[in-house]
Amino acid sequence: MTLIGLYAFEKRALYEVLLIAVGAGLLGTWIVLRGLAFYTHAVAAAAFPGLVLAAGLGFAPMVGAAGTGALVAAGVGGASARRRAHYDVATALALVGALVAGVVLASNVFHSGAEVDSLLFGSLFALTDLDLVLAGVASVLALLGTVGLGPRWLATGFDATGARALGVRSRVPDLVLLALVAFASVATLAAVGALLATALLVVPAATARLWTNRLLAWQLTSVALTAALGVAGVWLSVRTNAPPGATIAALGGVAFLISALVNESGSLYRRRHA
Amino acid sequence: MIDARGLAIGYRGGPTVLTDVTFSVMPGERVGVLGPNGGGKTTLMRALLGELESRAGTFTIEGRQGTVPQTERSRLDYPVSALDVVLMGALGRGPWWRRPGRAERALAQAALERVGLEDRARETFGELSGGQRQRVLVARALMQDADIVLFDEPFTGLDTPSAARLTALIDALAAEGRSVLVSTHDVGQARAWDHVLCLNGRMIEFGPPEHVLTETVLAETYEHAVIRIPDGWPRGVTQSAGASARA
Ligand SMILES: Nc1ncnc2c1ncn2[C@@H]1O[C@H](COP(=O)(O)OP(=O)(O)O)[C@@H](O)[C@H]1O
Ligand SMILES: [Mg+2]
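These protein sequences, in sequence, are chains S and X.
Going by UniProt numbering, the first residue of the first sequence is number 1, and it counts up by one from there.
Going by UniProt numbering, the first residue of the second sequence is number 1, and it counts up by one from there.
Please note that a few of the clues may not be correct.
[What the hints assert, rightly or not] Derived coverage of chain S by chain X (criterion: at least 3 residues anywhere in the stretch with Cβ under 8 Å from a Cβ of chain X; other residues may be distant):
{"id": "1", "region": "150-159"}
{"id": "2", "region": "211-219"}
[As the list claims (entries may be wrong)] Residues from chain S that face chain X, not an exhaustive set, calculated with beta carbons under 8 Å:
{"id": "3", "residue": "Val-100"}
{"id": "4", "residue": "Arg-164"}
{"id": "5", "residue": "Leu-166"}
{"id": "6", "residue": "Val-172"}
{"id": "7", "residue": "Pro-173"}
{"id": "8", "residue": "Ala-224"}
{"id": "9", "residue": "Ala-242"}
{"id": "10", "residue": "Ala-246"}
{"id": "11", "residue": "Ala-260"}
{"id": "12", "residue": "Asn-263"}
No wet-lab data here; the hints were simulated from the structure.
C-beta atoms are modelled at their ideal positions from N, C-alpha and C, and glycine is treated no differently.
Sequences and hints are given; from them, build the entire structure.
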C-alpha cells in the first residue's frame, strides 16, 4: 500500500464525507447563526434508540433513526414556536430521554454489545449504498434550502420582531430549517454516529466563523473545512487504526482550538498596536 | 395611521407594565415618545409591532410598519452587509419560497443612496458607526415602503452631526406622508415634532408639544425614576430629568 493507494472501504468513506460536506457545511452556518447546536445534538442523539431498535428487531437502521429523530425534532420544533426557555428545556429532556432509552434497550432488552459503539460514534468503514444516497440527498436539500430560504433564515435571526414587521410572517421557512437539520443529523449517523453529529454539523462552521464576517465566504469556508476534516480524518484513521468518526471529531476540535487561539492573539496584537 | 385607545400591555406571565395609553398618529406626523428607562417605550413599540398582546383597550394600525430597533449586541456580531439588511425589506413582497432578485437589489441600492450610504453597501453591518447603522435600518424601512416607522431611541450614542442627519431623515420620512414614532430622552428634540407621548408605566400625557412639555407633566413623567446603585438599594433620586427637561 502506498500513500495514494486506497482501500475500497476507504474510498467509500471518502465519498461519504465529501457527499455530506456540502450539506453539513452549509447547514452548520445556519445552525451556528440561529443557535441550533443543542437541537442538532439532541436530534442526532435521539436516533440512537431508533438504531438500537432497528438492529434488535431487524428492520432498516435508517427507518429507526429517522423515526425517533423526527419525533424529537417535531417535539422540540413545537416547543421552539413558544418560548426560548421551553425550547432549551425540551431539548435537554429529549436528549437525556433518548440516551436513557437507547442504553436500556441496548443493554437490557437486546443485549446489543459491540455494535453500540458504531451506533454512537459512526461506522465509516462499513457503509451501505443507502448511506451514500442519504448523504447526497441531504446535501442537495441543504443547498436548495440555502439558496431559496437563506434570506428569510437570515432576516429572522437578525431581528425576529423586525422580520415579522417586514412581512416575514410564515413559520414555514423556519420549520423547513429545523427539518433539514434533523434530516442532515440522521444522514451523518453513518459517518460519525449519534453522539458526534456536531463534529460535522457544528464544529467546522463554528471554526470557519472565526475567519470571516461575510456570509458567502463563511459558507464556502465551512463546506471546504468540513470536507478537509472528513478526508483527513478518514486518511489518518486508516493509518493509525483509530475509529474514523472520533478521528474527524478530534481533528475538528484541534482546528477550532488553533483558530480560536490565532484569532485571540491576533485581536490582542491589534488592540496593543491600535 | 395608528389609533390606540386605553391600551394596557404586559409581558406573558408577568405583570402589566404599561396602562391607559390613548393616542393617535396621522400620516405625515412625527410623534416623540418620552419616558424614563423602564417607562415602557420599547414595550409600546413591541405591542404595536404585534409582538406583545394588549391586556385591555384596542388599537388600529393602517399601513405597513417598519422598525428601527434599539441596538443589540447580537446584531453587531452578525455576518450581514448593509445591503443584506436593506434587502430584508423586500421579503414581505413575495411568497415565502421566493428570494429577492436583481430588481430588489437595485431598489435596495437606491434606498441606501437615499440615506447617503451608497458606498457602504458591501460593508458589514456591525462594523458601521452607530449613526450609519440607524440609517441602514431606515433604508430597510424605505425598502418595504413602510407607512409607519418606529424608532426606538435612535439618538442614543450618536454624535451631533450624525444626530442632525437622522433628524433630517425623520423629517423627510414624515414629509412623504409616513407616520413616524420616535422614542427619545431629549426633550428639546421632541419640542420640534408634531405630538409628544409621555410614558411612565402609564400614559402621562399626549398632545402637541406646547401643551405637553410643561414642568408638571415632565415631573410626573420622570418621577419614580430611581437610580439603582450597584448593591441594588433603590434610592429615591429623580433621574437627571430636571436637567434634560430644562434643556
Ligand atoms: N421581556 C420582558 N419581560 C418582562 N418584563 C419586561 C420585559 N422587558 C421589559 N420589561 C419591563 O417592562 C417595563 C418597561 O420596559 P421598557 O419598555 O423596556 O422601557 P423603556 O424602553 O422605556 O426603557 C420595565 O418595568 C421592564 O422591567
Ligand atoms: Mg427601551
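Those earlier numbered hints the structure runs against, lowest number first: 3, 8, 9, 10, 11, 12
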